[in-house]
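A.B. asks: This is what each chain is made of:
2 protein chains.
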Amino acid sequence: MLEVVSEARSHGGRQLVLRHGSRATGTPMTFSLFLPPQAEQGRVPLVTYLSGLTCTHANVTDKGEYRAACAAHGLAFLAPDTSPRGEGVHDEEGWDIGLGAGFYVDATQAPWSANYRMWTYVTEELPALIAADFPILDMGRQAITGHSMGGHGALTVALRHPGRFRAVSAFAPIVAPSEVPWGEKAFSRYLGDDRASWARHDAVALLKSGARTADILIDIGTGDPFFAEQLTPERIERAAAAAGQPLSLRRQEGYDHSYFFISTFMAEHLAWMTERLR
Amino acid sequence: MLEVVSEARSHGGRQLVLRHGSRATGTPMTFSLFLPPQAEQGRVPLVTYLSGLTCTHANVTDKGEYRAACAAHGLAFLAPDTSPRGEGVHDEEGWDIGLGAGFYVDATQAPWSANYRMWTYVTEELPALIAADFPILDMGRQAITGHSMGGHGALTVALRHPGRFRAVSAFAPIVAPSEVPWGEKAFSRYLGDDRASWARHDAVALLKSGARTADILIDIGTGDPFFAEQLTPERIERAAAAAGQPLSLRRQEGYDHSYFFISTFMAEHLAWMTERLR
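Going line by line, the protein sequences match chains A and B.
Mapping of the first sequence onto our numbering: residues 85 to 362, in sequence order.
Mapping of the second sequence onto our numbering: residues 85 to 362, in sequence order.
Isolated chain A, as found in the complex:
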């Protein structure tokens, strides 16, 4: 049952914020959905955007500058939250674990496993929910993108669902979480010591083990403070080249990790997706 938190007309379409009780996480979950003006005439493709550490649906909804391009191209734009939230949801100190930091996995380790089931949420429950409630969404024409932790989410979700997405992009993604501090911290807590379970949530490891997806476009700023230690774009360049996975990875001179960076290239990503969603 979807509750409308807010609705506003924007760029000729409707910017919705919606809430529902999630079976996957056992909590209320809030997300935003932009419906372009074309959705009043017929079915429209869906772009899912997975957000980064500390974010909710609101960051990209406020700062992402996606609505003008979505209205121009006729794209719906879905932005889920990054973790379960609410009373009783386990958390720990630090903005890189717990609330706002679900890392798009189903936690197997207590106490995280009670609620931190973002993989099931974003890959199964939420798509089924909006497909049922918004029949104007053409779930046969989907693209996915994300930022940082959400770029990791977009890449791994796409690599493990071949055929679901016609285009995959990311802004400054964590491409090899098993090998960098953010991912090691999160995966050891959520997934435990079994590194085989980590590999199923690691885009570089998935490429090495034979997974493939549609064309990938990645932008990363050369002024990103997390470039070398956490994002390591050279790892996915090497893995994609070895695997024959189409990848365009662009180093954008002087850009940082913020929405000032994301919003700069958002319209290009959406135009690039549109070519592949036709």
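There's no promise every hint is true.
20 Å max Cα-Cα, derived SDA-like pairs, lysine to any residue [to be verified]:
{"id": "1", "chain 1": "A", "residue 1": "Lys-147", "chain 2": "B", "residue 2": "Arg-98"}
{"id": "2", "chain 1": "A", "residue 1": "Lys-147", "chain 2": "B", "residue 2": "Lys-147"}
{"id": "3", "chain 1": "A", "residue 1": "Lys-147", "chain 2": "B", "residue 2": "Ser-342"}
{"id": "4", "chain 1": "A", "residue 1": "Lys-147", "chain 2": "B", "residue 2": "Ala-156"}
{"id": "5", "chain 1": "B", "residue 1": "Lys-269", "chain 2": "B", "residue 2": "Glu-176"}
{"id": "6", "chain 1": "A", "residue 1": "Lys-147", "chain 2": "B", "residue 2": "Ala-155"}
{"id": "7", "chain 1": "B", "residue 1": "Lys-147", "chain 2": "A", "residue 2": "Glu-91"}
{"id": "8", "chain 1": "B", "residue 1": "Lys-147", "chain 2": "A", "residue 2": "Arg-98"}
{"id": "9", "chain 1": "A", "residue 1": "Lys-292", "chain 2": "A", "residue 2": "Glu-263"}
{"id": "10", "chain 1": "A", "residue 1": "Lys-147", "chain 2": "B", "residue 2": "Ala-142"}
{"id": "11", "chain 1": "B", "residue 1": "Lys-147", "chain 2": "A", "residue 2": "Lys-292"}
Quick caveat, the hints were computed from the structure, so don't treat them as lab data.
Got chain A; can you put chain B on it based on the hints?
C.D. replies: Here is chain B on its own, set in the frame of chain A:
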């Protein structure tokens, strides 16, 4: 002396947030300034945006979606705060008075008069400061705009500085503050009982008393909850028609008072200004 609070590359230009000690308000003041890529080659026109009630520089900087258009047209974009802030600055309960609600006047009534001198700040001190610190700004080519209380500010600043601005726009402005609850509350506290002093800060009253400015473009949403009681667009339509002041006022179907509305029409306003700044 300008302190750089933050700087980020965005849309090919530089989004700055700056702070300085203000002589006008007697407090530190923070503002944002976007410099488009063209500012690396030569002088660029300046658009000043005055924000609405409760806002700081940050709202439009985050949500205004102005950078893509400013980069396309080569416009700098300045966003001041809406009031003095800090310890010792008087405030009262309510988001429509005091902090975040300076109404772009120089208060004459104690205790407000100590710091609430936003008229002098936005018309004199801040323009002089940035002109000196950023010689790439072409202060001979300026436009001004604003939202709600800031639309009131933009209209009154422009009407009282004929020749300074080549284009004037506003999003859902308060056009006749002397005659609506927000303005009556603010003006009675800041300016006292002398209604002649109110008229100098009332766009409709200024038009009636002979003030004129460059072409005015106003957008207002028909779904704006403040449309009839606070914004009263028909008052400026009548006054501009009687005065022969060029005004294009558009009622935008279904839009509300939020940045979802402002961001929708921001690019059009900036393109419209650009034609007049050539």
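A.B. asks: All hints are to be evaluated individually against the structure, with a verdict given for each.
C.D. replies: Against the structure, the hints:
At roughly 16 Å between alpha-carbon atoms, A/Lys-147 and B/Arg-98 fall within 20 Å of each other, so this suggested pair holds. Our distance criterion of 20 Å between C-alpha atoms is met by A/Lys-147 and B/Lys-147, whose separation comes to about 5 Å. A threshold of 20 Å between alpha carbons decides the hint, and for A/Lys-147 with B/Ser-342 the separation of about 14 Å falls inside it, so the pair holds. For a cut-off of 20 Å, the pair hint linking A/Lys-147 to B/Ala-156 stands: about 19 Å separates their Cα positions.
Of the pairs offered as hints, the one joining B/Lys-269 and B/Glu-176 holds, with about 12 Å between alpha carbons and a cut-off of 20 Å not exceeded. With a CA separation close to 17 Å, the supplied pair A/Lys-147 and B/Ala-155 stays within the 20 Å bound. Note on B/Lys-147 and A/Glu-91: the hinted pairing holds, with a Cα-Cα distance of about 16 Å set against a maximum of 20 Å. The straight-line distance between the Cα atoms of B/Lys-147 and A/Arg-98 is roughly 16 Å, inside the 20 Å bound, and the hint therefore holds.
With a C-alpha separation of about 14 Å, the suggested pair A/Lys-292 and A/Glu-263 falls inside the 20 Å cut-off, and the hint holds. The hinted pair formed by A/Lys-147 and B/Ala-142 meets the criterion: a straight-line CA distance of about 11 Å does not exceed 20 Å. For the hint pairing B/Lys-147 with A/Lys-292, the CA-to-CA distance comes to about 40 Å; that exceeds 20 Å, so the pair is violated.
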